[in-house]
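A.B. asks: So the chains spell out like this:
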Amino acid sequence: MAHTLVEKRIDWTGILFAVALTIVIVFPLLVVGTWAFTNVWRYPSVIPQEFGLKFWQQTLARADVWSSITMSLSLATMVTLLSAIICLPAAYAFARMDFPGRSILFFSFLAGHAFPKFGLLVAIAGIFLQLNLIGTFWGVVLIQLVGTLLFMIWIPVAAFQAVDRRMEEAARDVGAGPFRVFWSITLPQAGPTIAAAVLLSFVGTFYETEGAWLIGAPQIRTLPVLMISFINNQPVIQYGAVLSVLLWVPSFIALLFARRVISSGSFAKGFGG
Amino acid sequence: MSLSATSDIVGTKTRRGLTGLLLVAIPVFLVVWMIIWPIISAIGRTIWLPNDGGTGRSFSLETYKFFFTDQYSLNNLSVTLWTTGICALLLVLICLPIALYLRFAKGRLAAYVQGLAIFPMFVPSIILSYAIIRVLGPNGTVDLLLNSVGLPHIRSPYLTPWGPVIGLVWDNIPLTVLILLSGLGNVSNQSIEAARDVGAGRLAVLWHIILPRISNSILVAVSFTVLGIFSAFTLPYVLGPAAPEMMGPFMQRTFRDLNDPTNAITQAVIAFCFCIVFGLFYVRSVAKNRNP
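Protein chains in written order, with the numbering used here: chain W, 54 to 326; chain R, -6 to 285.
So that you can see chain W by itself, here it is in the shape it has in the complex:
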């Protein structure tokens, strides 16, 4: 293996993959980006006739865009907050306490992943219909909350398990109470991973489209749901392009933070790899 490195052969396979993936993955997104900053782009011209921010002003002046941004942010905040409140103590219990049925309850969070998601959503919607939760804010909160459970429990459990128990014991030996130990020793060590889980669940909820569409529409209109209606009914191409760029912001933030987590092998293991 070593001598191939010394020869410094040109990595044709790598170049082929890099070019193909750039065309297939980056190019379509660049096209959308270009449309967002285009004032005029009429058909046979390969490049836009006029660049500009005209459609940013027009898109941002639309009331439906602002109301759906507010709706998306408040839904994602509420879901993430509730999820953290109920899941983090549960994760701590799974990581540190012994109680009857611990294993089976831990694995019960996988249940939702054994079924095709939209089918499950329809089954849940059947129940929500009887409870009059269809078309309500709290109906969407509930359905999105269920979607965050696995991440918000499994990742923090791993974080709590990775905390050095000897440091906790040492702190206890010098007289720290259980809350002091948790606050000063456990939380700082588990914190970054838990923060990543919280960020993932916020971003995941922000982009959750299917539950919001099935349970919430037409009363609850999130940004992705608005985007669907732009694609289906909006003749002005730039509105959709500007909305796409706006819509991508949370993903971009997640990209900055989560790249390292995802490149590591443990992430793929979490998906059964």
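Certain hints may be false.
[Unchecked claim] The following label-pair restraints were derived from C-beta to C-beta distances:
no. : chain 1 : residue 1 : chain 2 : residue 2 : range
1   : W       : Arg233    : R       : Trp41     : 53 to 63 Å
2   : W       : Gly86     : R       : Tyr105    : 13 to 23 Å
3   : W       : Ile138    : R       : Pro145    : 58 to 68 Å
4   : W       : Pro245    : R       : Ser53     : 54 to 64 Å
5   : R       : Arg9      : W       : Arg233    : 14 to 24 Å
6   : R       : Leu144    : W       : Phe310    : 26 to 36 Å
7   : R       : Trp200    : W       : Trp109    : 34 to 44 Å
8   : R       : Gly194    : W       : Pro241    : 49 to 59 Å
9   : R       : Tyr105    : W       : Asp217    : 49 to 59 Å
10  : W       : Thr130    : R       : Arg9      : 53 to 63 Å
11  : R       : Tyr105    : W       : Gln183    : 47 to 57 Å
[Unchecked claim] Some chain W residues judged to face chain R by a derived CB distance under 8 Å, without partners named:
no. : residue
12  : Phe147
13  : Ile284
14  : Leu299
To be clear, the hints were calculated from the coordinates, so they are not data collected in a lab. Using N, Cα and C, we set each Cβ at its ideal position, and we do this for glycine too.
Following the hints, complete the assembly by docking chain R onto the known chain W.
C.D. replies: Frame of chain W, contents of chain R only:
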């Protein structure tokens, strides 16, 4: 004395056990109420239909009989099976070479390829749909480029069954690559070098050494794909044809637009049945990798 001490320890232990149960109670309750109960209830509601007189329910497979005799439903089911099969096949054919390359290559080019292969994870599928329409749709960028060199328009895949295929493959590349790559991590360099030493060519190494060792990962990747694609909603809804439609949009339309929850739930139960093998296999593999 010793007896009371023991009972004291036991008492603390059960109290701690109770605290643990209380702490996990709400998430577990949500799983039972929002996942397990809906599935049981879905099966119950579709085989115990309300009587004509309006009093009580009785056993009937009427809605299932309707689904499997209705040509429109059957077309939707077959386009769903076709899309799922094609996507799973394409994903393995596309992602296996990428994963093989990434397993053995090092350096900046490999890092760039890996970054690109994972990137779609950070592109929400709704933005992807829009990008595909702008590039491959009528008068899209590909048409522009072809037109500028004097070639005729493409037959756009937008609003044909190939539209969702392109979108779903694009969307599923990252996790398929990651799962396969994680499987390839189990193939040791020594075993490959040993095979090379006895004169095995590249294909022989792939076929006899690598593939048998990662077959499980391929199955996991395929199961994950099948589960995700069989009832995919957003991409087929936006990119696919109005008829036949995939099960996701079909269920949504039956539930909301036709206001017919019983038939929508029947379709959901049928989707569960088609995916149950893949679902159980997938969940089992995830669980095997994780200790509680």
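A.B. asks: Range hint 53 to 63 Å: satisfied by the CB atoms of W:Arg233 and R:Trp41?
C.D. replies: holds (56 Å)
A.B. asks: Okay, R:Tyr105 versus W:Asp217 on CB: inside 49 to 59 Å?
C.D. replies: violated (36 Å)
A.B. asks: Between R:Arg9 and W:Arg233, does the beta-carbon spacing fit 14 to 24 Å?
C.D. replies: Taking Cβ atoms as reference, R:Arg9 and W:Arg233 lie about 19 Å apart, which means the hint holds.
A.B. asks: Would you say the C-beta atoms of R:Leu144 and W:Phe310 sit inside 26 to 36 Å of each other?
C.D. replies: About 44 Å separates the Cβ atoms of R:Leu144 and W:Phe310, which means 26 to 36 Å is violated.
A.B. asks: Close enough to count: is the Cβ of W:Ile284 nearer than 8 Å to one in chain R?
C.D. replies: holds (6 Å)
A.B. asks: Given W:Leu299 as an interface hint, is its Cβ closer than 8 Å to any Cβ of chain R?
C.D. replies: violated (10 Å)
A.B. asks: Range first: 49 to 59 Å. Now tell me if the beta carbons of R:Gly194 and W:Pro241 are that far apart.
C.D. replies: holds (54 Å)
A.B. asks: Between W:Thr130 and R:Arg9, is the Cβ distance one that fits in 53 to 63 Å?
C.D. replies: Once the Cβ atoms are compared, 34 Å apart, the range 53 to 63 Å for R:Arg9 and W:Thr130 is violated.
A.B. asks: Using the C-beta atoms of R:Tyr105 and W:Gln183, is the stated range 47 to 57 Å upheld?
C.D. replies: At 52 Å between Cβs, range holds.
A.B. asks: Tell me if the beta carbons of W:Ile138 and R:Pro145 are separated by a distance inside 58 to 68 Å.
C.D. replies: Cβ of W:Ile138 to Cβ of R:Pro145: about 59 Å, so the range 58 to 68 Å holds.
A.B. asks: At the C-beta level, are W:Gly86 and R:Tyr105 separated by a distance inside 13 to 23 Å?
C.D. replies: holds (20 Å)
A.B. asks: With chain R as the partner, please determine if W:Phe147 meets the hint condition of a C-beta pair closer than 8 Å.
C.D. replies: holds (7 Å)
Hint check: violations occur at hints 6, 7, 9, 10 and 14; the rest are consistent with the structure.
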